[in-house]
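Peer 1: Chains as they are written, first to last, in the working numbering: chain A, 16 to 443; chain B, 377 to 581.
What the hints contain is simulated information worked out from the structure, not anything from laboratory work.
Please read all numbers here as calculations on a predicted model, not as lab measurements.
Hints should not be assumed to be uniformly reliable.
[What the hints assert, rightly or not] Under the rule of at most 30 Å between Cα atoms (straight-line distance), these lysine-lysine pairs were calculated in the DSBU-like manner:
hint, chain 1, residue 1, chain 2, residue 2
1, B, LYS476, A, LYS61
2, A, LYS401, A, LYS143
3, B, LYS476, A, LYS401
4, A, LYS61, A, LYS364
5, A, LYS272, A, LYS143
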Amino acid sequence: MSAAIIFGLLLALMLTGMPISIALGLTVLTFLFTMTEVPIQAVAMKLFTGIESFEIMAIPFFILAGNFLTHGGVARRMIAFATSMVGHWPGGLGLAAVVACALFAAVSGSSPATVVAIGSILIPAMLKAGYPPRFGAGVVTTSGALGILIPPSIVMVLYAVSTNSSVGALFMAGVVPGLVLAFLLGLTTWWRAWRGGFPRNPRATWAERGRALRESLWGLLLIVLVLGGIYTGLFTPTEAAAVSAVYAFIVAVFVYKDMDLRDVPRVLLASANMSAMLLYIITNAILFSFLMTSEHIPQTMAQWLLDAGVGPIAFLLLVNVLLLVAGNVMEPSSITLIMAPILFPVAMKLGIDPIHFGIIMVVNMEVGMCHPPVGLNLYVASGIAKMGITELTIAVWPWLLTMLGFLGLVTYWPALSLALPRALAMMR
Amino acid sequence: MNPLNLAGRVLDRLEETLIATLMAAATLLIFVAVVHRYLAGMPIPGLQDWLLHIHLSWAQELCIFMFVWMAKFGAAYGVRTGIHVGVDVLVNRLAPARRKVMILFGLLAGALFTGIIATLGGIMVWKIGHTLQVSSDLEWPMWIVYLAIPLGSGLMCFRFLQVARRFNRDGELPHHDPGQVEGLDEPMDIAPGADNIHPLAGGAK
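Using the sequences and the hints, build the whole thing.
Peer 2: Written as structure tokens, this is what we have:
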């Protein structure tokens, strides 16, 4: 009963268009004021202690690092490198976009940031080279979603925090699925370009490739630094994030010199703005999950599903559908924070691996971002490509189908995600 | 300029400077702590002894405190920049008059929530202020640390009211555009042609 009231209230408040964090907070307050004996004082306390964890602090650091990388010329050099390697195949620049998105995803933790970094350079370039507008916009919108699957990933940190899983293991579990998805998106791109007879770039010589590699090396080294550092235990994910923020700052300002010291305060402010927004949703979502736990809602739901005879396969399908629907109206961080605490206990009861479940959620979020009506990637890309959302929706179709197929693969083949972290002994 | 406007400007600036500074300081702090940990492990005569004397075990705690303050005041700044998004698919389909009512309702709900939290936080800080509770590593009095809640939420409440008033008057909402790209305004040119594959050599600004 209380579950129905809580969710009904939350849904009603959210549909009024108020910020999601406020809707979450007001739901909790209303419920506490009217229906329980939980001391209301605990709320203010929870708003502080909720984010008092060093793990969560990885998020502001990764956002800062991402902003330095986006504005600091790292993306340009990665694109040049990717173009020199795959540009001579059919749909060369499209393939280069996929590869560049995968590379940039490995240093950035957010999908819209990846779309911005790669798309704002490659979409105009593709138009100029004579590709159809829809092709360029479609490829970047969907490949940008790799940002949250290939580590580091802000959504993975959020999942880890709300379910007490290991950030490191999640990061490693994202590597293989990320590479597979990049390959599949590349394949789709290649096939479309080959059928359409789109232009190719001349083949780059090995000397040119070497030079492009050398120029992008500073950005590529960051991948080694973050993943290698976390894997060898050199530092925790949060420390890795802080180190990569400082590293990205040094590369942008002193090595590539694409950014002035004068620009730094603006980047700091923009990063603080974005981080504070996420942290504010996190505190209120933690408040919300505290309410649900104290009302035993996840446990009741788990029992109910088990009694109804829902097995792991049906449950995962249900999760896929639920998350895709949620992805239509909300952005990934909020979905993860609201849904993970509810779905996680059920998944555990059904014997699904916590890390695998995390990857499933992340891939669902990816599809949701490229999916109308509210795909964050769609919005960002439509701004860059100067293309309406409706047309862009048609443009992403071929890649979106590939992603849906991939979602099925990830959902029902746990080894794809779990083999690497197991081999690295980061999980049992 | 009238004094009220001036006070508003000063408050805006203060808010921006505070959160940007906290962001930078926390990053540097954790970076230094990591570097310190590894340098102290290296057998460099002199340097090692000196580094072992410095303890940075409080770095994590300070980083958390800085980020919590950054989050609370940054959330208030976020209201001003319109970064707190909601589910607006339904609202945007309403007739303009109704849409206005709904948006005002949302803004006032935000003011209500943050106002309640500021009050509750104030009461909590007051109570903790009468105890001797200190933080575990830095041993700072906790009530000062917790002050972020009433101050930050209070400011956020003020920002919601400010935005609501301006929206009611001019119909303008702050809007955050995730697609804006500063510093990337000149798109790179990679048209087919071998010499364009490395436009960076001369093209980097």
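Peer 1: Take the hints in turn and mark each one as holding or not.
Peer 2: Results for each hint:
Restraint check for LYS476/B and LYS61/A: the C-alpha separation of about 33 Å exceeds 30 Å, so the hint is violated. Taken as a hint, the LYS401/A and LYS143/A pair is honoured in the structure, with Cα atoms around 14 Å apart against an allowance of 30 Å. A hinted pair counts as satisfied when its Cα atoms are at most 30 Å apart, and LYS476/B with LYS401/A qualifies at roughly 28 Å. With a C-alpha separation of about 28 Å, the suggested pairing of LYS61/A with LYS364/A holds against the 30 Å cut-off.
Between LYS272/A and LYS143/A the alpha-carbon distance is near 27 Å, which keeps this suggested pair within the 30 Å criterion.
The structure is inconsistent with hint 1 alone, although it conforms to all the rest.
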